[in-house]
Amino acid sequence: MTEKKTPQLDELEKGPWPSFVSEIKRAAVKSEAAKDLLNLLERSYEDKKGHWKHGGIVGVKGYGGGVIGRYTDLPGEFPHVAEFHTMRLNQPSGWFYTTDKLRQICDIWEKHGSGLTNFHGSTGDIILLGTKTEHLQPAFDEYSDAGFDLGGSGSDLRTPSCCVGPGRCEHACYDTLDMCYDITNEFQDELHRPMWPYKFKIKMSGCANDCVASIARADCSVIGTWRDTLTIDQDAIKAYAAEGLDIQGMVCDKCPTRALKYDAAKQELHVIPEDCSRCMHCINVLPKAVQPGQEKGATILLGGKSTIVQSAFLAWVIVPFMKMEAPYTEFKDLMRRIWEWWDENGKTRERVGELIYRVGMGRFLREVGLAPVPQMVFRPRANPYVFWPQDEIVK
Amino acid sequence: MTEKKTPQLDELEKGPWPSFVSEIKRAAVKSEAAKDLLNLLERSYEDKKGHWKHGGIVGVKGYGGGVIGRYTDLPGEFPHVAEFHTMRLNQPSGWFYTTDKLRQICDIWEKHGSGLTNFHGSTGDIILLGTKTEHLQPAFDEYSDAGFDLGGSGSDLRTPSCCVGPGRCEHACYDTLDMCYDITNEFQDELHRPMWPYKFKIKMSGCANDCVASIARADCSVIGTWRDTLTIDQDAIKAYAAEGLDIQGMVCDKCPTRALKYDAAKQELHVIPEDCSRCMHCINVLPKAVQPGQEKGATILLGGKSTIVQSAFLAWVIVPFMKMEAPYTEFKDLMRRIWEWWDENGKTRERVGELIYRVGMGRFLREVGLAPVPQMVFRPRANPYVFWPQDEIVK
Amino acid sequence: MSRIDAGPPNYREMLPPIILQNYGKWQYHELPQPGVLKHVSENGSELYSVRVGSPRLVSIDFIREICDLADTYCDGYLRFTSRNNIEFLVGDPVKVAPLLQALEAKGLPVGGTGNALSNIVHTQGWVHCHTPATDASGIVKSVMDDLFEHFGHMDLPAKLKIAMACCLNMCGAVHCSDIAILGVHRTPPRVNDEIIQKGTEIPTLVGACPTGAIRPNPKTKSVVVNEERCMYCGNCYTMSPGMQILDEKNDGVAILVGGKVSNARTAPSFSRLVIPFMPNNPPRWPEVTEAVHHIVDVWMKYARRGERVGEWIERIGWEKFFGLTGLPFSDKLIDDFIFSKETFRTTAAFKY
Amino acid sequence: MSRIDAGPPNYREMLPPIILQNYGKWQYHELPQPGVLKHVSENGSELYSVRVGSPRLVSIDFIREICDLADTYCDGYLRFTSRNNIEFLVGDPVKVAPLLQALEAKGLPVGGTGNALSNIVHTQGWVHCHTPATDASGIVKSVMDDLFEHFGHMDLPAKLKIAMACCLNMCGAVHCSDIAILGVHRTPPRVNDEIIQKGTEIPTLVGACPTGAIRPNPKTKSVVVNEERCMYCGNCYTMSPGMQILDEKNDGVAILVGGKVSNARTAPSFSRLVIPFMPNNPPRWPEVTEAVHHIVDVWMKYARRGERVGEWIERIGWEKFFGLTGLPFSDKLIDDFIFSKETFRTTAAFKY
Ligand code: SRM
Ligand code: SRM
Ligand code: SRM
Ligand code: SRM
Ligand code: SF4
Ligand code: SF4
Ligand code: SF4
Ligand code: SF4
Ligand code: SF4
Ligand code: SF4
Ligand code: SF4
Ligand code: SF4
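Just so you know, the protein sequences line up as chains A, B, C and D, in that order.
First residue of the first sequence: 0, per numbering that gives the first Met the number 0; consecutive thereafter.
First residue of the second sequence: 0, per numbering that gives the first Met the number 0; consecutive thereafter.
First residue of the third sequence: 0, per numbering that gives the first Met the number 0; consecutive thereafter.
First residue of the fourth sequence: 0, per numbering that gives the first Met the number 0; consecutive thereafter.
These are calculated hints, taken from the structure and not from any lab test.
Positions of the beta carbon are idealized from the N, C-alpha and C atoms, including for glycine.
Some clues are possibly wrong.
Derived list of chain D stretches under chain C, where covered just means 3 residues or more per stretch with a C-beta under 8 Å from a C-beta of chain C [as the list claims (entries may be wrong)]:
#1 260-267
#2 338-351
When the alpha-carbon atoms are kept at most 20 Å apart in a straight line, the in silico DMTMM-like pairs for lysine to aspartate or glutamate are as follows [as the list claims (entries may be wrong)]:
#3 D:24 x A:232
#4 D:319 x B:274
#5 A:48 x D:286
#6 C:24 x B:294
#7 C:94 x C:67
#8 D:24 x A:294
#9 A:198 x A:342
#10 B:295 x C:41
#11 A:52 x D:64
#12 A:52 x D:246
#13 B:331 x B:366
#14 C:319 x A:342
#15 D:319 x D:296
#16 A:29 x D:64
Now the in silico label distances, taken between C-beta atoms and shown as ranges [to be verified]:
#17 C:314 x D:12: 48 to 54 Å
#18 A:55 x D:329: 18 to 24 Å
#19 B:238 x C:3: 53 to 59 Å
#20 D:211 x B:57: 40 to 46 Å
#21 C:219 x B:188: 39 to 45 Å
#22 B:335 x D:215: 39 to 45 Å
#23 A:55 x D:215: 21 to 27 Å
#24 C:26 x A:244: 46 to 52 Å
#25 C:300 x D:19: 52 to 58 Å
With the sequences and hints as input, model every part of the structure.
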């Protein structure tokens with residue numbers, strides 16, 4: 000077969016940003032599948048249209064998910080991507096690697112796949128792009144020996160992910176890396192065998208900066224926070240002032256609750272503890288001077304997801320503060336109660352947030368056993384359409 | 000018949016606020032119906048429950064509305080309120096009266112009704128509380144001779160109302176009293192003969208203080224405003240400063256767009272014209288110094304209503320600025336286009352705001368012929384669910 | 000003889016000469032004392048308006064009485080406000096003081112201007128309506144008695160607008176008030192098949208229910224209510240007398256707070272439910288008057304100058320409002336209707 | 000042999016010694032230069048992280064190459080970020096400069112820290128998915144080339160987070176990004192009765208449509224689409240291959256702006272539609288890169304220091320955003336889906 004030309008894709012090798020086309024070409028040197036992918040993609044660029052069919056169900060023994068089946072609609076022309084499935088490997092907490100482990104991943108993928116990957120997928124997995132059905136089981140076996148396992152797909156728990164947390168961040172209010180590892184192990188069955196109405200994602204951020212975008216991208220978002228008051232080191236404040244930082248303008252005036260008072264004469268910064276909403280802003284701007292409080296834990300939010308079907312939902316507060324320490328029993332129990340309730344009440348392809356929206360937060364709270372608190376809402380209802388429990392009614 | 004006792008209502012004659020019970024008693028001296036009303040009300044206070052039946056249709060010749068039929072469910076015991084209908088008289092613009100006119104209203108009601116009234120009803124009408132069917136036509140005839148006409152009820156245009164405006168307010172940006180009078184006369188047919196899906200209310204306020212609560216209580220809210228820049232009299236500012244008013248704190252810091260800069264040294268106040276949203280706050284606090292601009296008119300908002308059925312809606316901007324001068328042709332044309340569209344598309348008992356919510360603002364704007372502008376929304380849509388017009392699609 | 004569609008009287012005939020002369024020429028106003036507005040025009044004319052509280056439900060003799068006053072002190076002109084107060088329009092400054100004395104003698108309260116409590120916008124209640132969950136006039140009288148001092152003084156942080164409606168139809172348009180008092184039902188309608196068979200369009204009735212709780216029952220040619228889905232809005236009863244919703248044992252009063260209408264500073268906003276239910280306790284509804292009084296007290300204590308109730312709460316946060324007032328928070332206050340989503344707290348930033 | 004449910008490798012085994020020693024003890028950080036983070040611990044230890052842009056779609060040889068670098072400069076440790084950048088974890092300060100040189104030599108860009116543009120979170124597009132309305136990698140490459148200077152400099156008003164998703168499923172979770180690039184369909188699905196008869200559960204398919212546009216067709220044992228109601232979300236296609244939604248003539252790209260995720264200062268918020276459609280113009284999508292560039296330029300010009308895109312727009316008002324950018328406003332930008340109501344401007348206060 001003569002080499003095909005890829006004039007459009009070649010354009011995308013120009014420019015300063017590293018090129019995915021160069022990467023496909025690099026893989027194509029060793030892999031026929033990668034070569035066909037390149038040519039098929041050029042065809043898409045010509046046609047302005049994808050050339051992949053609706054996926055079929057493929058997988059490995061003992062698992063209900065973790066592989067996305069994929070077939071081109073032009074198998075005659077591009078036989079090496081006739082089957083081009085993706086494997087999802089569960090990443091280590093915080094996406095930390097030794098080069099050894101990475102090389103192992105590469106070596107196995109050189110043998111069993113196209114040599115193309117995504118580091119990482121949007122949910123957090125290592126994405127191994129493109130292999131044939133017959134390679135799935137052998138590839139899995141070798142990855143398993145190397146210490147890796149599959150991630151989630153389908154109507155199951157999706158691969159949890161977390162921010163770098165205490166590994167490299169001074170803001171972490173709980174051990175995100177440990178919790179992510181712990182709960183991923185705890186919920187292996189939920190992760191690998193789809194059995195729910197739809198997918199469920201958990202993401203963990205060590206503080207309200209939310210560096211894994213959990214509030215937007217996870218059904219359950221665990222965001223580090225504290226119960227007491229942030230601490231301020233006045234010497235460090237003086238140092239910032241000496242550097243010429245506009246503390247009033249860049250910190251106090253941007254505090255959403257106006258909880259900070261700066262005494263420019265004394266170069267002292269003070270917080271009104273009961274007014275602070277722990278948004279992280281002052282800590283972000285003055286990391287050497289301001290720190291979270293001592294009594295640390297996390298806020299649990301539920302219901303986040305992107306736009307399909309009912310509109311996007313941001314996750315909302317269901318537990319304002321929970322201690323977040325191994326073995327995370329309270330959290331795990333809560334997840335199990337929520338899943339059970341969702342499983343019982345949810346329709347097919349109904350995310351937990353959509354279910355709660357449909358049946359009402361009150362019912363959710365009662366049936367899952369959470370006490371309603373004003374922190375769960377920005378503001379109370381504007382309508383008076385209250386459902387009255389039978390036992391509060393005079394018969 | 001022996002006098003009945005009203006111990007509960009008697010309690011409501013105590014205290015400093017004028018008592019409606021005393022008023023009913025006062026009417027009861029001359030009117031058997033008022034006497035029965037008093038006793039029926041005492042019964043309601045005992046039973047904790049109203050004693051009026053679902054209304055029947057009663058009225059006067061040539062009118063489809065303006066009278067609310069009412070019958071007690073205890074006609075045996077309270078025969079004089081067996082029929083106890085309400086008449087709604089269209090108030091004069093701004094609720095201004097000569098004592099002559101008021102006395103005429105009273106005299107006719109002494110003859111034909113219970114002698115009880117509401118000055119005024121929530122929509123703005125003079126409410127004449129309680130008469131018998133046989134008195135409706137004679138009462139109407141006499142009111143008509145006295146220069147009064149019925150107000151709205153049922154699925155028609157409801158009695159328009161307006162703030163005191165140029166009659167007594169320095170803020171009025173258009174002539175609310177005149178416009179209210181003019182359009183009420185223009186739309187007599189719409190007001191008196193119910194023929195729409197549901198009710199439609201128009202309220203007019205001379206400025207954004209909205210002293211008739213139009214944005215919350217009217218399907219169509221006409222709020223006075225200006226297109227150019229507010230004017231500031233610096234001498235008057237100095238006078239306020241001399242009085243000790245905290246201009247920075249009470250005016251500038253509360254300006255929602257931070258459009259005001261106060262120079263405390265010079266005692267001068269300046270506005271950033273393009274930032275001002277014409278909220279009225281600075282004008283309210285400094286009426287002697289700050290005035291609306293020169294190019295006056297009104298913002299038209301649509302869709303307001305209270306909570307039944309879909310939730311309460313506040314009216315939203317559909318025309319950011321319209322000159323508002325007699326004969327109000329542009330406004331009247333717009334109303335007619337809106338009513339026609341609503342009439343064609345609305346379901347029974349669907350307010351215009353609910354209809355627009357159901358079918359989409361885009362369709363409303365297109366079909367009624369209004370140009371979409373960003374002033375109509377707080378912010379654009381968060382979802383990407385755009386309906387594409389056929390003519391923008393490549394076939 | 001009566002003419003049809005003659006329309007209302009021409010307002011121009013109702014305006015006192017001082018207004019006709021200064022129409023559209025008012026330049027500024029002052030509040031010389033509570034209840035008295037002084038408007039000054041370009042021409043230097045001064046109009047004094049004396050604002051007087053009214054129970055709204057008044058007899059013709061009451062109207063005649065205020066006409067007498069207006070004849071004596073205002074050359075026969077007066078007006079009413081959008082909140083049902085009376086305004087005596089005094090063109091001659093000398094007549095203000097005697098008018099005030101005359102009003103005091105008659106026990107008519109002067110006030111409601113500036114940073115004061117004004118009259119309570121309200122509705123019919125047991126006096127004239129068929130769907131009320133409570134009375135309107137009685138509660139209004141009780142609350143105004145209780146908060147009376149705030150009508151005649153301008154010592155509140157800002158204006159205080161209270162409204163009352165006796166059922167969810169909200170004829171008092173309470174939904175955007177600083178404090179809203181609302182009659183609420185708490186039990187589903189009782190279906191009377193006979194009445195429904197007689198006069199009710201069943202599809203319209205079924206369509207009237209916002210939660211889809213009503214289904215047609217072809218057997219009885221009537222309807223059945225799925226009681227679990229009903230939230231007692233009473234809309235079906237408005238449609239048909241066969242859906243009786245009044246329930247003397249369970250009807251009562253809810254309180255919503257923090258709404259506003261003006262565009263000044265902050266956008267108009269809805270009132271929010273903070274007390275889902277208090278029993279009907281006539282003649283003076285002590286639970287209701289106490290609750291309202293308490294909310295006003297807490298607002299007066301904590302709000303900054305110029306802050307309406309809702310502006311104060313939005314600044315401190317609703318979680319703080321429940322803390323400061325001690326009102327219990329419950330799942331009943333969490334929205335579960337169509338637009339609930341926007342009320343959920345989608346941020347980890349909040350106060351304890 | 001393979002074990003089932005073994006779970007991911009233990010992260011502790013992946014951490015460099017300096018992190019194990021200072022775990023949870025980091026005290027503060029600095030940004031010595033763009034792309035370089037310096038974290039200092041209680042113990043005085045210093046960790047340098049060098050952040051490097053990646054196309055995300057990489058070959059195993061690329062991975063091996065960065066492993067070589069990590070072996071040389073980082074004792075064999077590295078990590079990836081939540082936005083698919085690579086972070087070299089340098090324990091020895093002396094090695095930072097040589098690493099930077101080595102990266103430069105290889106053409107690997109260093110940056111993405113502080114007030115810079117970071118990598119674009121994105122998805123599969125034409126490379127691997129079955130529902131894309133556009134390609135992802137190609138647009139990302141084009142936009143990153145175009146905005147390249149902002150990756151390596153920290154001269155923006157605030158962080159700039161751009162995301163790209165190739166269809167409304169939004170796997171790139173673009174819905175809360177400063178700037179979102181989104182593949183959109185614009186024509187209803189074409190029903191293939193044969194495919195549907197074969198493998199599709201019709202009630203589930205019907206239920207999948209958010210607007211109720213799909214009805215069962217008992218005659219064909221398939222479905223029909225009410226095209227007027229369809230807004231091309233593609234959810235039906237996700238449910239069944241018989242509902243082909245790809246349309247090379249009409250698929251393209253939309254732009255949404257002003258979302259954010261962090262709770263810092265302001266609550267997390269959704270991005271909002273500002274350009275409803277631009278055509279697919281591969282290989283470099285000039286309309287898209289220009290539009291994004293323009294929005295960034297206007298933001299840089301008018302925003303105050305520290306203002307994310309959405310914070311800037313909310314301060315000036317969306318009406319001003321359209322004015323300053325010159326982007327045309329149309330009814331397509333006005334919400335008409337479930338939660339539209341909260342977007343309508345219910346106040347007379349706005350800017351021109
Ligand atoms: C691979 C990945 C995109 C990527 O390039 O990174 C991906 C790819 C697909 N996603 Fe996704 N999603 C991926 C992360 C996401 C995310 C982001 C996240 O998890 O943070 C979202 C938005 C967040 C959310 O869950 O709401 C996301 C929202 C969806 C949806 C819409 C779900 C919804 O309820 O809104 C679908 C449709 C569905 O599930 O039927 C979907 C479906 C799909 C499918 C399976 C296509 C389909 O309709 O069946 C795609 C397979 C593409 C392929 O052939 O490779 N994908 N998907 C991401 C998973 C990689 C990984 O495991 O790490
Ligand atoms: C008399 C009055 C209350 C008062 O004491 O002032 C009143 C009384 C009634 N209203 Fe009202 N409404 C009155 C102003 C309002 C207002 C306020 C306003 O107009 O500013 C509202 C809220 C604003 C709005 O229109 O949304 C209002 C919203 C309703 C509704 C709910 C409509 C909705 O779409 O939300 C109903 C139910 C209905 O129309 O079926 C209703 C229905 C009724 C009925 C006709 C009862 C019924 O279900 O048929 C009441 C007759 C009571 C009686 O027997 O006297 N009334 N009604 C007000 C009219 C007086 C006047 O003409 O001046
Ligand atoms: C007489 C009346 C108009 C009418 O045509 O009847 C009126 C008259 C004035 N209003 Fe009003 N407002 C009147 C109902 C309203 C309403 C509607 C309502 O209460 O239902 C509102 C909107 C209420 C709301 O926001 O919930 C209203 C919101 C205002 C505001 C804005 C208040 C704010 O800061 O939010 C002002 C400005 C101010 O007072 O600083 C204002 C200002 C004024 C001024 C000062 C205008 C002027 O220069 O003449 C008048 C005297 C106010 C005072 O009482 O101190 N008026 N005013 C109404 C008197 C009702 C009453 O008896 O109490
Ligand atoms: C490495 C990473 C976490 C990880 O586990 O991978 C990370 C690391 C840090 N983040 Fe982040 N953030 C990371 C993704 C995020 C995300 C998620 C995202 O981009 O999808 C967010 C939320 C984005 C949003 O709001 O839309 C995020 C919002 C923040 C913020 C709040 C920014 C704001 O003011 O809105 C801070 C605070 C700051 O920088 O002032 C922050 C601060 C930081 C600090 C300074 C924390 C620390 O002290 O170490 C780290 C260096 C930031 C820098 O780049 O200058 N990080 N950070 C992620 C790097 C992604 C990348 O390659 O660019
Ligand atoms: S979320 Fe907080 S703890 Fe985690 S990396 Fe970001 S700033 Fe650090
Ligand atoms: S954390 Fe946020 S709310 Fe608290 S003081 Fe700092 S800036 Fe203010
Ligand atoms: S709405 Fe404006 S013009 Fe009308 S009375 Fe109130 S303040 Fe005056
Ligand atoms: S009218 Fe309102 S927005 Fe305009 S300057 Fe005055 S206070 Fe500011
Ligand atoms: S609020 Fe309800 S009960 Fe009261 S008058 Fe209006 S419709 Fe009747
Ligand atoms: S009261 Fe309301 S919710 Fe209950 S059945 Fe009637 S209409 Fe439906
Ligand atoms: S966004 Fe759509 S097209 Fe792109 S990967 Fe996800 S499902 Fe596929
Ligand atoms: S594309 Fe979406 S709206 Fe259109 S028919 Fe399919 S599911 Fe319904």
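For this session: Evaluate the given range 40 to 46 Å for the C-beta pair formed by residue 211 of chain D and residue 57 of chain B.
Result: 42 Å, holds
For this session: Given the range 52 to 58 Å, decide if the beta-carbon distance of residue 300 of chain C to residue 19 of chain D lies inside it.
Result: For residue 300 of chain C and residue 19 of chain D the Cβ distance comes to about 54 Å; the hint holds.
For this session: Mind checking the alpha carbons of residue 52 of chain A and residue 246 of chain D for me, to see if they're no more than 20 Å apart?
Result: 14 Å, holds
For this session: Compare the distance between the alpha carbons of residue 319 of chain D and residue 296 of chain D with 20 Å, and conclude whether the hinted pair is satisfied.
Result: Status holds; Cα separation ~15 Å.
Exercise. Taken at face value, is the distance from the CA of residue 294 of chain B to the CA of residue 24 of chain C at most 20 Å?
Worked result: Within the cut-off at roughly 16 Å; holds.
For this session: With a cut-off of 20 Å on the C-alpha distance, tell me whether residue 319 of chain C and residue 342 of chain A pass.
Result: Violated, at roughly 35 Å.
Exercise. Would the pair residue 319 of chain D and residue 274 of chain B pass a check requiring their Cα atoms to be no farther apart than 20 Å?
Worked result: 9 Å, holds
For this session: Mind checking the alpha carbons of residue 295 of chain B and residue 41 of chain C for me, to see if they're no more than 20 Å apart?
Result: Holds. Residue 295 of chain B to residue 41 of chain C sits at ~18 Å (cutoff 20 Å).
Exercise. Keeping to a limit of 20 Å between CA atoms, is the pair of residue 48 of chain A and residue 286 of chain D held or broken?
Worked result: At roughly 18 Å apart (the allowed maximum being 20 Å), residue 286 of chain D and residue 48 of chain A satisfy the hint.
Exercise. Under a C-beta cut-off of less than 8 Å, do 3 or more residues of the stretch 338-351 of chain D approach chain C closely enough to confirm the stated coverage?
Worked result: Contact hint for the stretch 338-351 of chain D vs chain C: holds, 7 residues under 8 Å.
Exercise. Quick one: are residue 219 of chain C and residue 188 of chain B within 39 to 45 Å, going by C-beta?
Worked result: With a Cβ separation near 41 Å, residue 219 of chain C and residue 188 of chain B satisfy 39 to 45 Å, so the hint holds.
Exercise. So does residue 238 of chain B sit 53 to 59 Å from residue 3 of chain C, Cβ to Cβ?
Worked result: The hinted range 53 to 59 Å holds for residue 238 of chain B and residue 3 of chain C, with Cβ atoms some 55 Å apart.
Hint check: violations occur at hints 11, 14, 18; the rest are consistent with the structure.
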